[in-house]
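**Q** Each chain is listed here by its residues.
There are 4 protein chains.
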Amino acid sequence: MGLRTPEQYKQSLRDGRSVYYRGEKVADVTKHPIIGLAVEHACLDYRMAEDPKYRELAVIANNGDPYSRYYYLPRNAEDLRKRSELIAASTREGATLVVLIKEIGTDALYALHIIGERMAAAGKAEYRERIHKYHQYCRDNDLAIAVAQTDVKGDRSLGPTAQEHPDYYVRVVEERPDGVIVRGAKVHTSVSTNTDEVIVLPTRAMRPEDKAYAIAFALPIDTPGLNIFATPHGGTVKDAFEHPLSARHKMMETLPVFDDVFVPKERIFLNGEVEFAGLLALTFVRFHRFTAVSYKLPLMEMMAGAAYAIAEANGIIRAAHVRDKLTHLAAYHSTVRGLIEHAAAACTIEDGLAVPNTLLTNVAKYHFAHNYHQAVQIVQDLAGGLLVTAPAAEDLTSEATREYVLKYMGGAKGFDAEKRLRLLNLISDLTASDYGGYQEVLAVHAEGGFEAEKLQAYREYDFKTVADYARKVAGV
Amino acid sequence: MGLRTPEQYKQSLRDGRSVYYRGEKVADVTKHPIIGLAVEHACLDYRMAEDPKYRELAVIANNGDPYSRYYYLPRNAEDLRKRSELIAASTREGATLVVLIKEIGTDALYALHIIGERMAAAGKAEYRERIHKYHQYCRDNDLAIAVAQTDVKGDRSLGPTAQEHPDYYVRVVEERPDGVIVRGAKVHTSVSTNTDEVIVLPTRAMRPEDKAYAIAFALPIDTPGLNIFATPHGGTVKDAFEHPLSARHKMMETLPVFDDVFVPKERIFLNGEVEFAGLLALTFVRFHRFTAVSYKLPLMEMMAGAAYAIAEANGIIRAAHVRDKLTHLAAYHSTVRGLIEHAAAACTIEDGLAVPNTLLTNVAKYHFAHNYHQAVQIVQDLAGGLLVTAPAAEDLTSEATREYVLKYMGGAKGFDAEKRLRLLNLISDLTASDYGGYQEVLAVHAEGGFEAEKLQAYREYDFKTVADYARKVAGV
Amino acid sequence: MGLRTPEQYKQSLRDGRSVYYRGEKVADVTKHPIIGLAVEHACLDYRMAEDPKYRELAVIANNGDPYSRYYYLPRNAEDLRKRSELIAASTREGATLVVLIKEIGTDALYALHIIGERMAAAGKAEYRERIHKYHQYCRDNDLAIAVAQTDVKGDRSLGPTAQEHPDYYVRVVEERPDGVIVRGAKVHTSVSTNTDEVIVLPTRAMRPEDKAYAIAFALPIDTPGLNIFATPHGGTVKDAFEHPLSARHKMMETLPVFDDVFVPKERIFLNGEVEFAGLLALTFVRFHRFTAVSYKLPLMEMMAGAAYAIAEANGIIRAAHVRDKLTHLAAYHSTVRGLIEHAAAACTIEDGLAVPNTLLTNVAKYHFAHNYHQAVQIVQDLAGGLLVTAPAAEDLTSEATREYVLKYMGGAKGFDAEKRLRLLNLISDLTASDYGGYQEVLAVHAEGGFEAEKLQAYREYDFKTVADYARKVAGV
Amino acid sequence: MGLRTPEQYKQSLRDGRSVYYRGEKVADVTKHPIIGLAVEHACLDYRMAEDPKYRELAVIANNGDPYSRYYYLPRNAEDLRKRSELIAASTREGATLVVLIKEIGTDALYALHIIGERMAAAGKAEYRERIHKYHQYCRDNDLAIAVAQTDVKGDRSLGPTAQEHPDYYVRVVEERPDGVIVRGAKVHTSVSTNTDEVIVLPTRAMRPEDKAYAIAFALPIDTPGLNIFATPHGGTVKDAFEHPLSARHKMMETLPVFDDVFVPKERIFLNGEVEFAGLLALTFVRFHRFTAVSYKLPLMEMMAGAAYAIAEANGIIRAAHVRDKLTHLAAYHSTVRGLIEHAAAACTIEDGLAVPNTLLTNVAKYHFAHNYHQAVQIVQDLAGGLLVTAPAAEDLTSEATREYVLKYMGGAKGFDAEKRLRLLNLISDLTASDYGGYQEVLAVHAEGGFEAEKLQAYREYDFKTVADYARKVAGV
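So the sequences go chain by chain: A, B, C and D.
Just add 347 to the spot in the first sequence (first one is 1) and you have the working numbering.
Just add 347 to the spot in the second sequence (first one is 1) and you have the working numbering.
Just add 347 to the spot in the third sequence (first one is 1) and you have the working numbering.
Just add 347 to the spot in the fourth sequence (first one is 1) and you have the working numbering.
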């Protein structure tokens, strides 16, 4: 096959999976008032493949069955560029919220491909074969995949074996002839309520004593013993006038718990090779930060665009300080976009795969993340206090209130009350709601946090060459 | 009398007032699921007056009937310091949310006192008398007062008379022998759903042609023709475990509409004296920004304190970057506190009232406001992604989920899952929720916005002296 | 011919030119103690053309006489990339100081080429021909060219015709059959003490009444009536141990005064076509900011490299805050480099010439400029107070002092006193000397200043597309 | 006596002291072309005591012989405020350069007073007596005192005993019945070329094994074995038109080397009491950072004032971005001034002395230091590129050049070329010269550097109270 319809995707989620929301098991995620939103949002991916406007970008069709571009292994800069473009386009359709049901999973598959080659070169060819098969399986069945990487960690200053109990990092508790039994939990696992599969990766480099924790594998979501706890954050039913983004678009965050789950051999991609655990974690992140910056672009477009639109509606577009602030947003967006486009162009080919330039990717990600809150401040500044004091949707329809709202909420010529309130609600939803808080926390923490980004930039930057230059001029 | 009980306060709100929430008139604000929360929050003021711990700070008792300190006219630096302390203490009790039902109203009364003196000096003594009487009335009846200042403004680049319709600024539409009829609406009017009175002030300086807009007055909330539209922002019923601040504390923001409302003579404090409109607006702001910075102190305490507590719980308190970030929060708080304390100490006495140093107040306010989003970023950074991915309250009580949450959500030694989640939920509520968004927008916009604060600092700073110094050294 | 030797270049400067230094006419610029340094620095350009290491980069040799790459018209992204690389390489040889004797001149020639085409299209083909001929003349004679653009401007809030006297902008005072007489002065004109030619461009858009000011032309430096006033800033003879950069490298800044100078027809490139004045000014800047960012790269390399080297020498390289600061410098450099490389890759072809992407160029320039002082702060922070308290060169050689200096100025293992002092002196010269001040002011002002860069970014950014996106999602 | 004349002060410096400048011993520091400038600058202190305008501020005269206020022990907030005012006033007279010949010395004396009390309380009363006597001696003879605190340190990641040689920190090499022999060197020792005395303090906390390094004492500068190496930074003879600050004002930085110097018993204030070394170092810094912020105030006045004056001269004072930038400078100055004034007001009384609030002092110092380079950027931005491209002093006097300079360097109405150039030269000297670099490095490093200031703020801030508040609201 190769391509599924949205309906086929939804049908595949009705498989008896153990998903819990607010302490209760969810009977059918597609019909849950909150998770159902996330399912609809995820359908965007399948819809775009059917949409003539996006088909060429979203589908690989050269020979044989057509399949989703996400499953295509990037071989050069152009492949990376198109992947980035597809990620941005689907996020743009998602009204600044990433779809993610294939993006992150294929980042993991790319990383596994590279690690598979490295392990083969080190004499362990069996992993490579499993990885290739698993990749084909996902591609040919057009599956949705979550990735679970971040262990719950307990005391974050301690390694896996020094914790109060041994399960703060996911580990193998039993080896069997046909597979392993794993135990533990992974936080911050996006979209696992509504994917077919979850790929589990180690979160960090491991030392020899951490052997049991050096484990990577994949499982169907409905595997016995795998329980998914969905977060309630942002989980209220919302009015679409007041929350034009988050009333329609939702991504679930979860805590998958592996309660002594059996993983069959062919689904194990690393098991005890501690020397490859850190490399796998890092290689995944190298791809995933590129993905992440790609899907932040529509968010920055929206900030600049919404700020411009509301400044017009408020009648302040010509004020000097307003232009200055809009320029700041434009430069913010252009800087991140320029860097990530250049990260694709300046990729390296490793084990046959195109890997985005790691230094530029990390610099782009850090620039995005570090300056996000300031951009929020600017957008809020230009919009005005009505972000949190505007009347309700019903005030525009109720007989008792409607005329007043229409009369008094108007803005500059051409911007009647409804138009202006729609723009204000967009910005309120984007920056001053639980969705706004979600985006702030993602900016800070998703794909690894400030310190991780800085550490990787430090490691990738060529200090030797520049220090030699300084020493030469100094005469040392 | 002089002091009311919380119950008396609540009773006074059941007066048939026209308050609308989501298009419907609210029968009894004290029993409304959302506004009722705001009423309870406001009761803090009356409770503190009864509380031995706060009585001395909250109540003036020297001679005659005791009355709320808010109604005391500050005569010196110490009076300002105590007022600031009281505002901070009540906001601290309000879990970072200001109470405001007397704070802002007395800021307006102080400003009216000064303008009353100035108008008397200009030959219009009647206003002074009205202001004094109104002040006594509010004080002796321990009333709660909202202040409506910001006109809806329409096109913000145009003045009152240049708008598409003449009502974008509140104005007098008819003069009567016994008073005036006013029309218009004022945005961003906090707490008017649950006060006894509203004071209405002009929002800016007026030109001769704006005579009808140079109007200040006070009215009971239940005055016919006065309709209050409450904003729905943040208006959902919340779980107190997940939202320890906002499930319990709420302040209403409103749009009061004056639909041809009659204001009797004795309640008119300015009417057509365009030359005093700007001075009144500005004088109010001079007091109100001092109030504002005072009630931001507990918010900054909370940010530093919550960041410290979660860093401990996460086991990262000794990391160098964590200390650096905590120091930033400490310096942020200390800078603003130091400046506002010094603004009280360096007050000027004008027409018998102590006015906080305007330059220092504006600098303090700007420092708070301009750096708020960055502080949010730091707190979110130290807390971790669980701010938006943590399990629900019910996951800690449901049999099916409880044991997993307890096992996997633990932190550093001494911080079990529940403790850690409580701290995380506090920070999530504080920074990554609609309440967090509310605080961000308040930081940017409340009490006048960045550009207004900067303009006033520019005007207050003594450029002449420093430019003379530069010229002297330059030999010019 | 096509390529000159350094000696030929120097010989060409002994032409009786009117160069004034500290009020006195300079007999021979090549032998002047300060300007002579600048001449030697400029020779780098001619030396690199002879140096096998750089020959391929610096010289175009495909067919016919070889000539300097600077004179090559860029036709595609690769041409721009190589030009950028050459500019960076020569600045690197110049120890962070740009050479500039062909860089800026060819920026002007490229702009003239484009304006020549536009004027030809508008029916004035004669300019295009003159420009082509002048370009060939400079290329074939391997000339050094200065560019004079910034008028002295008088009151900067007023246009050319509103000034206290009419000569605050360079203008035509007389039209003759064979040419024009020009009068005025241009500030910030780099390298004109030691070039063969100067190209004069308008500094801004002109209105119809500014016709006499819409003038562009080129002249040999020794033209009668052209007087060059050199600035004394940084003009002291320095010890090379204490000032490893500025004792050896120097660029002259000048005020060329046109005291009723005759310009022959064939050297006039614009004369009264007010509608092209702004376009010419802007087109020059589009090329020149790309040049500017290219020559800032070695400066940022030096900052990161010197900071790293001194942190090692001081024994603090492993401290967390030091890594953090070094990462900041690495990200600073990488961001600007990534953006400017991408500006070349994303060029547009206009009238046959490759023009670097203007938005990215301006964003890169602004990022460099706006963050420069902070980078200086970091480098100074890591180096230590010895930047301004270290002993003198003579203290290392004098018998009376040498042993003490050697004993006490040592650093971490492997860094003896001399090595460490050399690194410190490098950084002191780079950041805490008149050279350091020069670089700071260049960062702020060269190629047009913050506000100009921001304005151009504002104009180039596609606000329409992003605002449409926001409106669509808002449902407007 | 109690008060000396400037002439007496100068005479006291002709004592055969071993001061080296560029490898050569200086015969008479008062006549040296560079150090002589510093002597004249220092005379400001003695001149102010004679000047009726400053006499009341500069001299304590209540009973007995009048003496310099610096020697007065502060007993309350008002004493600290006056001391701060005196320091600011003398620095203002010094055209932004601190005088320092009594400021820093008395900071050390205050700290010694407190440590003396503490040691007396611990059973070592002899130190207290010596300290009192030494204080009286300095006061009664109106002496100038340098303070040497910062050891040369070698590898800054290692303590005193772990270095490559044992003399990287000043230490006692021999105990004698009547005193000790000390060896070592101290960097960054200001003004010791032209003081009567030097007080030597330990630079950090010491461990038991560092006993020999726990040493504090005072010596006359002309003590045998004490060699002063003056730094050459900024040591060129300058034109007063081009360098209105630094041509007239100079402070020497030195490396005093203690080449087995004998210190008599009565001049030893700490010797081996390792437990008091850190406390002494810290107590000195608590006073000295207060002093430092006091003398930074005129620098910030100058930046705001010079920026304002040049913006006027350039004709840009009404531009929105200019006002914004001036406001930034005003807020910068006002913030630091407000904090340091409040640090005096909020002092604590320790062992009878008023100690400025340490948290506020550190926050003020950090705010000053961390934002200094940005302020420089703004001042340079408003001034323009002429800071480094303006003509020379001689160009204004030479017949050949004068008329051109006068014609073309004019600015806005009322600002002729000379006036404008004087303002530009002031700013160039202040920010874009070796003096500008000196001020930048001082901002970063003087009185202890960023990390030291942040560490002390971290320690002083009351995290416990705020964390308790957070925990209470969180329900933990």
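Errors might be hidden in some of the hints.
Which copy is meant is left open, so a pair is good if it fits within one copy or across any two.
[What the hints assert, rightly or not] As a list, the in silico DSBU-like pairs of lysine-lysine whose alpha-carbon atoms are at most 30 Å apart:
#  : residue 1 : residue 2
1  : Lys558    : Lys672
2  : Lys819    : Lys480
3  : Lys612    : Lys429
4  : Lys400    : Lys429
5  : Lys400    : Lys558
6  : Lys819    : Lys429
7  : Lys400    : Lys766
8  : Lys760    : Lys378
9  : Lys819    : Lys558
10 : Lys372    : Lys754
These are computed hints drawn from the structure, not numbers from a lab.
**Q** It remains to establish, for every hint, whether it holds in the given structure.
**A** Here is how each hint holds up against the structure:
no. : hint            : verdict
1   : Lys558 x Lys672 : neither (52 Å within a copy, 34 Å between copies)
2   : Lys819 x Lys480 : neither (53 Å within a copy, 42 Å between copies)
3   : Lys612 x Lys429 : neither (34 Å within a copy, 53 Å between copies)
4   : Lys400 x Lys429 : within (15 Å within a copy, 38 Å between copies)
5   : Lys400 x Lys558 : neither (49 Å within a copy, 51 Å between copies)
6   : Lys819 x Lys429 : between (42 Å within a copy, 24 Å between copies)
7   : Lys400 x Lys766 : within (28 Å within a copy, 51 Å between copies)
8   : Lys760 x Lys378 : neither (44 Å within a copy, 41 Å between copies)
9   : Lys819 x Lys558 : neither (46 Å within a copy, 41 Å between copies)
10  : Lys372 x Lys754 : between (48 Å within a copy, 19 Å between copies)
The structure fails hints 1, 2, 3, 5, 8 and 9 (numbered hints given earlier, in ascending order).
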